[in-house]
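Engineer: In the order they appear, the protein sequences are chains A and B.
Anchor point for the first sequence: position 317 equals 317 in the working numbering, and the numbering is continuous, going up by one each time.
Anchor point for the second sequence: position 40 equals 40 in the working numbering, and the numbering is continuous, going up by one each time.
The set of hints was computed from the structure by calculation and includes no laboratory data.
Be careful, since some hints might not be right.
Below are the SDA-like pairs computed for lysine to any residue, each with C-alpha atoms no more than 20 angstroms apart in a straight line [said to hold, decoys possible]:
1. B/LYS26 to A/VAL630
2. B/LYS96 to A/ALA634
3. A/LYS589 to A/ILE188
4. B/LYS99 to A/GLN626
5. B/LYS26 to A/LEU638
6. A/LYS474 to A/GLU373
7. A/LYS30 to A/ARG117
8. B/LYS26 to A/TRP636
9. B/LYS96 to A/PHE625
10. B/LYS96 to A/TYR629
11. B/LYS96 to A/LEU622
12. B/LYS26 to A/GLY628
13. A/LYS398 to A/ALA473
14. B/LYS99 to A/GLY619
15. B/LYS96 to A/VAL630
16. A/LYS30 to A/ARG124
17. B/LYS96 to A/ARG631
18. B/LYS96 to A/GLN626
19. B/LYS26 to A/TYR633
20. B/LYS99 to A/ARG631
21. B/LYS96 to A/TYR633
22. B/LYS96 to A/TRP621
23. B/LYS96 to A/ASN627
24. B/LYS99 to A/TYR633
25. B/LYS96 to A/THR620
None of these values were measured; they are calculated from a predicted model.
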Amino acid sequence: MKFDSIFDLVPLVVFLPLLGLLINLLFGQKLGEKFTGITASLATGLTFVVSTLLAFGLNATPNPEPIKLFDWISLGSFNASWSFRVDTLSVEMMLVVSGVGTLIHVYSIGYMHSDVRHNGDPARYRRFFLFMNLFIAAMMILVCADNFLMMFVGWEGVGLCSYLLIGFWFEKGKDGIGNAEAAKKAFITNRIGDFGLLIAMFLIYWNFGSLDFGTVFAAAPTVAATHPTAMLLITLFMLLGVTGKSAQLPLSVWLPDAMAGPTPVSALIHAATMVTAGVYLMARSSAFYALVPTAQTAVMWVGAVTALFAATVAVAQNDIKKVLAYSTISQLGFMVAAVGMGATVAGMFHLVTHAFFKALLFLAAGSVIQGVERGLHHLKSDVEIDPQDMRNMGGLRKQMPLTFWVYLIGGLTLAGLAPLSGFFSKDEILVASSQGHSAVFVVLLIAAFFTAFYIGRQILMVFFGEPRSAAAAKATESPRVITVPLLILAALSVLGGLFNFPGWLVMDHWLARTLGEGEPLAFLWSVAEISFALALFGIGFSWLVYGRKSLPKDQPDPIQKGLGPVYNGMSHKWWVDEFYGLIILTPYKAIARFFAKPVDLGVIDGAGNSLAAATKSLGTWLRRFQNGYVRSYALWMLIGLVAILTYLVLR
Amino acid sequence: MIPLVYYLGLAVILFALGILGVLLRKNALVVFMSLELMFNAANLVFIAFSNFYQILDGQTLVIFVMTTAAAEVAVGLALMVTIFRHRGSIDVDQTKDLKG
Numbered sequence: 001m002k003f004d005s006i007f008d009l010v011p012l013v014v015f016l017p018l019l020g021l022l023i024n025l026l027f028g029q030k031l032g033e034k035f036t037g038i039t040a041s042l043a044t045g046l047t048f049v050v051s052t053l054l055a056f057g058l059n060a061t062p063n064p065e066p067i068k069l070f071d072w073i074s075l076g077s078f079n080a081s082w083s084f085r086v087d088t089l090s091v092e093m094m095l096v097v098s099g100v101g102t103l104i105h106v107y108s109i110g111y112m113h114s115d116v117r118h119n120g121d122p123a124r125y126r127r128f129f130l131f132m133n134l135f136i137a138a139m140m141i142l143v144c145a146d147n148f149l150m151m152f153v154g155w156e157g158v159g160l161c162s163y164l165l166i167g168f169w170f171e172k173g174k175d176g177i178g179n180a181e182a183a184k185k186a187f188i189t190n191r192i193g194d195f196g197l198l199i200a201m202f203l204i205y206w207n208f209g210s211l212d213f214g215t216v217f218a219a220a221p222t223v224a225a226t227h228p229t230a231m232l233l234i235t236l237f238m239l240l241g242v243t244g245k246s247a248q249l250p251l252s253v254w255l256p257d258a259m260a261g262p263t264p265v266s267a268l269i270h271a272a273t274m275v276t277a278g279v280y281l282m283a284r285s286s287a288f289y290a291l292v293p294t295a296q297t298a299v300m301w302v303g304a305v306t307a308l309f310a311a312t313v314a315v316a317q318n319d320i321k322k323v324l325a326y327s328t329i330s331q332l333g334f335m336v337a338a339v340g341m342g343a344t345v346a347g348m349f350h351l352v353t354h355a356f357f358k359a360l361l362f363l364a365a366g367s368v369i370q371g372v373e374r375g376l377h378h379l380k381s382d383v384e385i386d387p388q389d390m391r392n393m394g395g396l397r398k399q400m401p402l403t404f405w406v407y408l409i410g411g412l413t414l415a416g417l418a419p420l421s422g423f424f425s426k427d428e429i430l431v432a433s434s435q436g437h438s439a440v441f442v443v444l445l446i447a448a449f450f451t452a453f454y455i456g457r458q459i460l461m462v463f464f465g466e467p468r469s470a471a472a473a474k475a476t477e478s479p480r481v482i483t484v485p486l487l488i489l490a491a492l493s494v495l496g497g498l499f500n501f502p503g504w505l506v507m508d509h510w511l512a513r514t515l516g517e518g519e520p521l522a523f524l525w526s527v528a529e530i531s532f533a534l535a536l537f538g539i540g541f542s543w544l545v546y547g548r549k550s551l552p553k554d555q556p557d558p559i560q561k562g563l564g565p566v567y568n569g570m571s572h573k574w575w576v577d578e579f580y581g582l583i584i585l586t587p588y589k590a591i592a593r594f595f596a597k598p599v600d601l602g603v604i605d606g607a608g609n610s611l612a613a614a615t616k617s618l619g620t621w622l623r624r625f626q627n628g629y630v631r632s633y634a635l636w637m638l639i640g641l642v643a644i645l646t647y648l649v650l651r
Numbered sequence: 001m002i003p004l005v006y007y008l009g010l011a012v013i014l015f016a017l018g019i020l021g022v023l024l025r026k027n028a029l030v031v032f033m034s035l036e037l038m039f040n041a042a043n044l045v046f047i048a049f050s051n052f053y054q055i056l057d058g059q060t061l062v063i064f065v066m067t068t069a070a071a072e073v074a075v076g077l078a079l080m081v082t083i084f085r086h087r088g089s090i091d092v093d094q095t096k097d098l099k100g
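Please take these sequences and the hints and turn them into a complete structure.
Structural biologist: Here is the structure:
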């Protein structure tokens, strides 16, 4: 095959997952769990193969033309088509999504097998894989779109899949609607962000006359010179969209609740891929942000503050997945801050390594949860304990050695210990911030310290000490279908740093073809030493608090005494949910109630009802004339006739 | 020669009697007879004017009215027989089931 025709394969990255979905939809129920899981994994795996082929193709042909599938909307001068953009940035995203996606699909074959049984509805197994394949297809549309409109289709598609999968066990959760509420919260919060993105798109069309990436980014310098306000609005509204999708402040509230979904969903959608769509969007639009320093500053601070905020909250969480959720928000903050500082490559590098180690951590957490569930099942007791609560765990490294080791690798990578991949990617971001953004640099360093501390705390609480519940003591290791993807992800987490190893800078050169040549960030020993020392210090500190002696059962968190009210704030997520409830939800509900009761029931329904009542009473009055007596009809006929005749005669 | 007014006066009296009969009597047969009385009052007016103006149109019309009345009586009596079989009476005030 010639290498310039290879790009014609790109629509397959969308159609292969859709094909998998279709096959499972039609035959999945009949052919059973194995078939469903393998088909879905195979569809995603083949997508990864296609993405790899595209990457090789890009080596030979650096900047191919977009592949147009067909026209979509053509109205006057407005044109939007389904065309696929193959460049280094989109292919990098494709590789991450399909690569990590495949591993998570394989893992789900094992995980969902026990999850559907633990939750008591094995028939839902197929549905899970349908949604997962749909998600991969939507994510692929998002990353390989060649215009904002097609990208928006993918953007909404992943939002939909996120909603469906958060609410996968929609009848479970707090009061039987907890999960459904979480799904709704995610969807509505994202809607606010999408509103911002839509406004940005309208403004782009208004000022540029097109939504195609090529046209728009080429014209950006001209428009920035003539309409600086428009550019500022575009970038800021786009930032609103990013805060929604990537769970940044002020729209970060949905991601922790999204942990209601099954664990592979948290790994794939709410850690590795969908939530990074915002970072991808800003990397894609870096031509815009480079022209608007004000917006860059805003993006940078949103990212940095989010990174610190979420890292502090993660310290005081007790749910194993909630810790990782806040960690994800925090790490996304790092990426957003990097993109805001113009260090797009650093942001994308961290996106890739984060996809590896956070997917690893989530999947390993899933393995832990199911280990405890198996222990719980083994006990056959009626005692209900939360298998996700870290206070019920402890000492699991003996029962689940493999999970322990991969978790340790993931945790140390997150903490940023050299030479694991997280160290290099985070270091690049810190280097970028150390050059002229000292305030952000300090904020990010503090966040990095908290990161090391909370992940150290988590590992010590889960895997060390004595088991704090009978279920944890009886926990067993997961089957191989779960552990093998974990091992591969662990290897990737360890080696991921090679993608942009200082000196080689493979990713810098690779992305430079799309983002333009820039000065690669130097590797600064001083910064590296500080961040390494902070990571060690954070982990060491967590050992002092949680590891030195075995954590007692049913005791308050040891750090609670030292921090006092600060701990209270952390464990209550700094009351952000309550704050939103007070300033937005309460007035909103009051307005809604006003419109529901006096306006809708009073005015609108009132008009309809009183018209009906008037008609009815008129009818009641008129029915007196139809009394069944022939003579009375005759009389009325007579009266009528006389009246008409009188009128005719006297006229 | 009897003046036209006398004929018209008689017709009015007959018509009024017919109306009163229809409105006031209970027996369906009597109601029917009263209806015929009204028909004939009208017929009388036709004849009177026909004679007064010396035009035959009125007399022609009277023949039509009498034919129609005969047909109507045929239908009406048939209805009455059926009602009588159902209810054992032809009191018009008892047939009042159709009402709002």
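Engineer: Which numbered hints turn out to be false for this structure?
Structural biologist: none
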